[in-house]
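Next come the chains, spelled out residue by residue.
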Amino acid sequence: MTEPDLRYSEVEEDLRSSVRALLTARAGAGLWRELVGLGVTSLPVPEGLGGQGAGYREVAVVAEELGASVAPVPFLGSAVLATAALLHAGDTPEVRLALSGTPVLAVPLSSWGAVVGVRGLTGSIRSVADAAAADRFLVPADNGLYLVEAADVRVSPVPSLDETRPVADLEFSAAPGTRLAGLDAVRRALLVGAGILASEQVGVAQWCLDTTVAYVRQRVQFGRPVGSFQAVKHRLADLWQELVLARAAARNAADALTTGVDTAVAVSLAQSLCATVAVRAAEECVQLHGGIGMTWEHPAHRYLKRAKANEIALGTPGMHRATLAPLIDLLG
Amino acid sequence: MTEPDLRYSEVEEDLRSSVRALLTARAGAGLWRELVGLGVTSLPVPEGLGGQGAGYREVAVVAEELGASVAPVPFLGSAVLATAALLHAGDTPEVRLALSGTPVLAVPLSSWGAVVGVRGLTGSIRSVADAAAADRFLVPADNGLYLVEAADVRVSPVPSLDETRPVADLEFSAAPGTRLAGLDAVRRALLVGAGILASEQVGVAQWCLDTTVAYVRQRVQFGRPVGSFQAVKHRLADLWQELVLARAAARNAADALTTGVDTAVAVSLAQSLCATVAVRAAEECVQLHGGIGMTWEHPAHRYLKRAKANEIALGTPGMHRATLAPLIDLLG
Amino acid sequence: MSEWTDRVAALVAAHDPATTDRAAFLRARFDAGLAWVHFPEGLGGLAAPREAQREVDAALSAAGAPDNDPRRIGIGLGMAAPTILAHGTADQRRRFLRPLWTGEEVWCQLFSEPGAGSDLAALATRARRDGDDWVVTGQKVWTSSAHNARWAILLGRTDPDVPKHAGLTYFVCDMTAPGVDVRPLRQITGEAEFNEVFLSEVRVPDTDRLGDVGDGWRVARTTLMNERVAIGGRPVPREGGMVGVVARTWRDNPDRRTPDLHDRLVALWVRAEALRLAGIRLRTGSPGPEGSAMKLAFAGIAQALSGLEVELLAEDGLRYDDWTERRPAHVDYLGRGAGYRYLRAKGNSIEGGTSEILRTIIAERVLGLPAEPRADKDLPWKDLPR
Amino acid sequence: MSEWTDRVAALVAAHDPATTDRAAFLRARFDAGLAWVHFPEGLGGLAAPREAQREVDAALSAAGAPDNDPRRIGIGLGMAAPTILAHGTADQRRRFLRPLWTGEEVWCQLFSEPGAGSDLAALATRARRDGDDWVVTGQKVWTSSAHNARWAILLGRTDPDVPKHAGLTYFVCDMTAPGVDVRPLRQITGEAEFNEVFLSEVRVPDTDRLGDVGDGWRVARTTLMNERVAIGGRPVPREGGMVGVVARTWRDNPDRRTPDLHDRLVALWVRAEALRLAGIRLRTGSPGPEGSAMKLAFAGIAQALSGLEVELLAEDGLRYDDWTERRPAHVDYLGRGAGYRYLRAKGNSIEGGTSEILRTIIAERVLGLPAEPRADKDLPWKDLPR
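Protein chains in written order, with full-length UniProt numbering: chain P, 1 to 332; chain V, 1 to 332; chain C, 1 to 386; chain A, 1 to 386.
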């Protein structure tokens with residue numbers, strides 16, 4: 001086995017800088033349009049299909065930055081999940097049409113493993129991420145993946161634990177749709193989504209660590225910076241060490257999605273680790289901020305909610321360990 | 001449900017003091033005889049059978065003290081496991097005979113749940129605790145529990161992880177034996193053993209915590225007692241907190257063995273917790289002693305080995321959680 | 001049967017709960033010394049052993065008597081009252097304790113500040129003497145009930161030129177006084193359980209000072225000790241609290257179970273039950289230092305359990321019950337959803353002493369480990385780094 | 001093909017490995033500058049980039065050349081050599097480096113003391129000047145290879161009247177000198193991997209001093225830096241090391257598996273593989289501070305895995321392979337039993353920098369958190385509390 005390349009390339013670092021600059025300058029409604037304009041929402045789409053012809057390594061870098069800013073954009077539901085499903089479906093006019101808009105994959109965000117489709121495009125799907133932003137849905141039905149216009153779907157937003165990635169319930173009553181591919185396209189999308197989500201989780205964790213470090217450096221109690229207390233230092237050192245492992249695993253997943261080598265192992269490996277690290281980082285962030293971290297005013301809670309929702313999204317760490325076990329010949 | 005009495009009674013504290021005094025004064029070969037003479041090896045045996053007519057709460061206090069000194073005496077194999085099996089068998093001349101000596105229960109020390117007997121008293125049983133001290137063995141065979149003279153068993157001591165509680169392999173070739181009871185006596189013995197072992201584990205953990213606290217108070221590095229460093233303080237505070245929970249669970253198990261109320265839950269609850277706390281305390285003891293804790297000369301390693309062997313003995317914490325789940329209506 | 005049931009019978013005979021106004025009944029109960037029997041006579045008690053209260057309460061409850069809604073007035077009962085009893089003048093005790101106990105006057109606590117959380121003694125709210133009054137200016141935070149409260153217990157800095165613990169004085173502050181501005185403080189749950197309280201030149205008469213000038217830290221220790229005693233003090237049935245909620249979610253969702261969650265849930269059930277058993281030891285034994293272990297363990301278990309519940313709920317865990325900014329009278333772990341429980345439990349390791357502070361207390365007071373070298377104890381407060 | 005294979009070919013042509021005496025071949029290799037190519041010419045190298053070594057080693061191995069058994073002389077190669085190169089005189093480099101590299105002279109390290117572990121700079125071994133010699137008295141500990149060693153690198157205190165870091169001097173000590181007493185130190189595994197070394201009035205000529213008097217701490221930093229670089233530096237295949245051993249035990253024992261152990265094993269497999277991947281990032285990227293994370297994570301994973309293996313083995317976990325007091329040349333994780341692995345792995349978080357020290361290093365040097373207030377840096381060593 002040759003060693004994977006787990007560094008960030010110069011191109012990837014440039015991409016990170018542009019995304020970060022945009023995220024710093026912009027917030028609110030226009031952000032998604034700007035990201036589309038920058039091309040970062042179509043990175044893995046071949047140039048021939050109107051995309052950037054880059055790969056999942058680059059998508060992962062964008063996901064990291066979006067995680068670090070918990071940006072409320074439909075990147076995961078559309079640019080990751082739906083795009084992966086469409087690229088698997090092959091080059092058809094419907095696929096091209098969908099890629100030109102903001103399609104969203106209509107599965108519960110918690111999906112991993114088995115996907116149960118709606119029967120004859122009648123029925124409901126709960127807790128779909130980014131649904132409110134969709135112009136079209138990719139809908140798993142009993143015999144394949146269908147393209148359905150958003151206008152033909154009843155979308156009911158629900159209060160979401162993570163308001164920066166709201167979920168909604170979808171209802172279909174004999175909705176008109178075009179079959180794009182088999183359900184294997186959905187499985188591929190979930191695999192890609194879980195692999196990319198690991199990088200988002202690394203971004204969330206890194207923000208939490210950085211923000212906490214900055215806070216405890218300046219917060220004084222008992223006449224000393226809180227960050228000079230050894231118990232605090234050691235906890236943050238442990239967290240940083242976890243993040244070193246998580247980042248390696250997330251980079252490895254992004255690389256494996258690109259090369260196709262050992263992908264299933266790499267993705268579940270990364271999800272087993274990164275989801276937990278992000279939650280832990282966010283929980284430490286709230287705790288070590290003390291009271292201020294419990295307020296709505298401080299941004300920490302948005303990261304906590306994103307991290308916790310991400311822990312459920314696209315398979316919990318426990319589910320990914322269960323997926324991994326037979327792949328690495330460690331049967332229960 | 002009325003609340004159990006989880007304090008140490010005055011009688012129990014007096015018992016603790018005598019055992020502790022003996023353990024401090026005595027070591028080596030004579031210790032077991034002295035313990036027998038003190039009556040602490042026959043506490044749960046009715047006076048009519050030559051015992052003290054006390055209960056398992058008192059046995060647990062002795063186990064705590066023996067744990068705190070990792071005394072190399074056959075208390076668990078004989079005074080706990082074998083005695084519990086014999087008391088279950090009822091009052092017969094053979095039982096009286098066995099109770100007058102140092103009988104040992106012939107099961108692998110790791111046993112929990114199913115007990116597979118030797119067939120017709122021919123075969124072998126591995127990793128039996130305290131076997132070298134036995135004058136008679138209580139041997140599970142396919143149709144019941146048999147009393148076998150030690151002279152009729154081939155006892156092969158093996159190097160043991162915990163040299164303070166050595167294990168040995170037993171071999172039987174059509175050994176002569178007397179049937180004492182059904183195999184339910186063995187199950188009862190394992191239940192009692194696991195419940196009492198929890199108190200031993202509390203004793204091990206308490207010694208490790210006390211010894212570590214004493215060491216870090218006097219060990220100076222960087223011009224300060226190591227115990228003044230906050231990370232060390234917080235870890236020891238966490239360990240102490242774990243020990244508070246473990247002691248409550250161990251006392252509850254000892255009380256339940258005495259009252260017969262909710263015994264199976266109480267025992268597996270205690271074993272789920274106490275085994276882990278003892279290992280953690282012993283590991284912290286070695287770590288916070290630094291280099292000296294890694295030496296043969298320092299006593300810490302004996303506690304580490306006892307704690308680790310105890311984690312396997314009479315069911316691992318994971319096995320006890322699996323036992324507990326259906327009893328508390330938390331099915332997997 | 002006993003002296004206590006006799007006394008209750010006499011009270012109920014004189015003031016039939018079925019026909020007596022609630023406040024009037026509670027005042028009568030106070031005057032009969034059956035409010036808190038361990039308090040002195042004339043102050044709602046009979047100087048009796050604290051244990052007798054359980055029998056009194058049971059008998060009153062059996063007789064259909066109203067209670068004083070203790071959850072609504074927890075700060076008054078749990079913190080203000082013991083402090084007033086211990087450090088108040090005879091006038092102050094007479095004035096404050098009766099309406100406090102009956103619930104006619106709600107109390108809140110003005111201690112914590114944005115810059116003084118764990119390090120409470122570093123607080124900056126200034127109290128200047130002006131004739132017979134003190135003039136108080138500063139910002140307090142994490143004040144529950146402030147919007148309903150008639151009175152507050154308040155710690156202020158009366159002398160910035162001495163070390164921090166020495167320059168504090170303890171006051172009772174009238175929450176209706178000019179200059180008191182209460183603003184809701186929204187939390188990560190969406191609720192505003194607490195308030196920020198801004199004090200601008202609030203005049204507090206010197207007669208509302210509790211204890212000596214400069215002796216505020218000692219008085220405050222009475223308050224804080226009573227805060228900590230309250231935790232882990234009540235008998236709880238098995239599966240009481242968070243573990244019961246999560247166990248029910250588990251039982252109700254057989255299709256969502258995984259081996260990973262199963263082992264973790266049983267392990268947490270074990271810890272929760274052991275904590276309950278440790279609580280029994282704590283209550284039946286000598287009071288000892290186990291109390292701080294209880295709070296520390298409680299926070300960790302509640303946080304792990306509520307986190308597990310969100311994971312278990314999967315697609316439902318992605319949802320939240322209600323983001324409305326409400327002002328609840330108390331924390332409603334059982335009535336709200338899993339997401340709320342998860343978020344609210346994060347406060348368990350911060351409020352009432354952070355888990356970090358508790359670990360330090362355990363290490364020093366229980367284990368006898370040496371304190372860290374400290375530079376902030378002897379410097380004048382005004383010279384401390386901030 | 002390349003300059004390097006040409007040089008190897010020339011060496012092998014002149015000294016046929018099949019017929020040349022091993023030591024003679026190694027000396028010839030050293031003289032050809034192919035020992036460590038990044039060292040200067042004349043000292044076993046050619047002042048070439050360090051990366052070229054891999055090609056040289058591969059070509060020599062292909063030609064059937066003997067190696068210098070680097071595991072046996074690890075302390076010489078990894079710690080003494082870079083220090084002698086950086087701080088030694090021309091004479092010292094010439095005298096020591098050649099037999100060090102060929103393995104004709106084994107080295108050991110006399111740094112740690114019973115009273116100076118993590119706080120190495122507090123060491124007490126005294127070195128007094130006496131004419132052209134230094135007279136050294138003290139006790140060193142955790143010295144591997146001391147019983148085979150010809151030389152030691154030694155830190156001694158030459159001035160107790162200045163702060164601890166300033167009073168140290170670095171020496172080369174002749175292990176055959178009178179007054180050097182090496183005693184095996186038995187460990188919890190039963191083995192005696194290490195030694196205690198008692199030094200009584202050992203005379204060290206001033207010509208064997210490395211660096212200036214009082215500059216020992218700076219010289220020692222070179223040694224310690226090279227010790228830490230060595231950890232996590234080699235490429236490892238998936239399931240290399242402890243995780244592979246435990247995974248094989250798992251695969252060989254299907255009847256002993258439980259859901260609890262399964263989930264924990266997979267979780268640890270994940271951590272071990274992530275650590276391996278982090279090692280790849282570390283090696284291919286800039287050297288950065290990730291190295292200390294590697295050692296910290298390595299210790300934790302090795303300890304958890306070896307603990308799990310003992311649990312998995314159940315009745316076999318209660319046994320031990322061999323308690324004989326042996327003096328092994330190196331740690332044999334793979335050849336020994338599960339109990340040995342469990343016990344020996346406890347040392348991973350102590351030796352070569354405790355995990356506590358590593359966390360502090362990470363917190364301060366990587367995260368930029370403030371150091372704790374310290375009183376021991378500026379006091380004269382003799383006045384420090386002990």
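Hint data in this document are derived by calculation from the structure and do not stem from the laboratory. Wrong hints could be hidden among the right ones.
To be verified - With a Cα cut of at most 20 angstroms, we get these calculated DMTMM-like pairs of lysine to aspartate or glutamate:
hint, chain 1, residue 1, chain 2, residue 2
1, C, Lys382, C, Asp119
2, A, Lys377, A, Asp215
3, C, Lys382, C, Glu239
4, A, Lys377, C, Glu372
5, C, Lys377, A, Glu372
Fill in: Ascending list of hint numbers which this structure does not respect
Of the numbered hints, just 3 does not hold.
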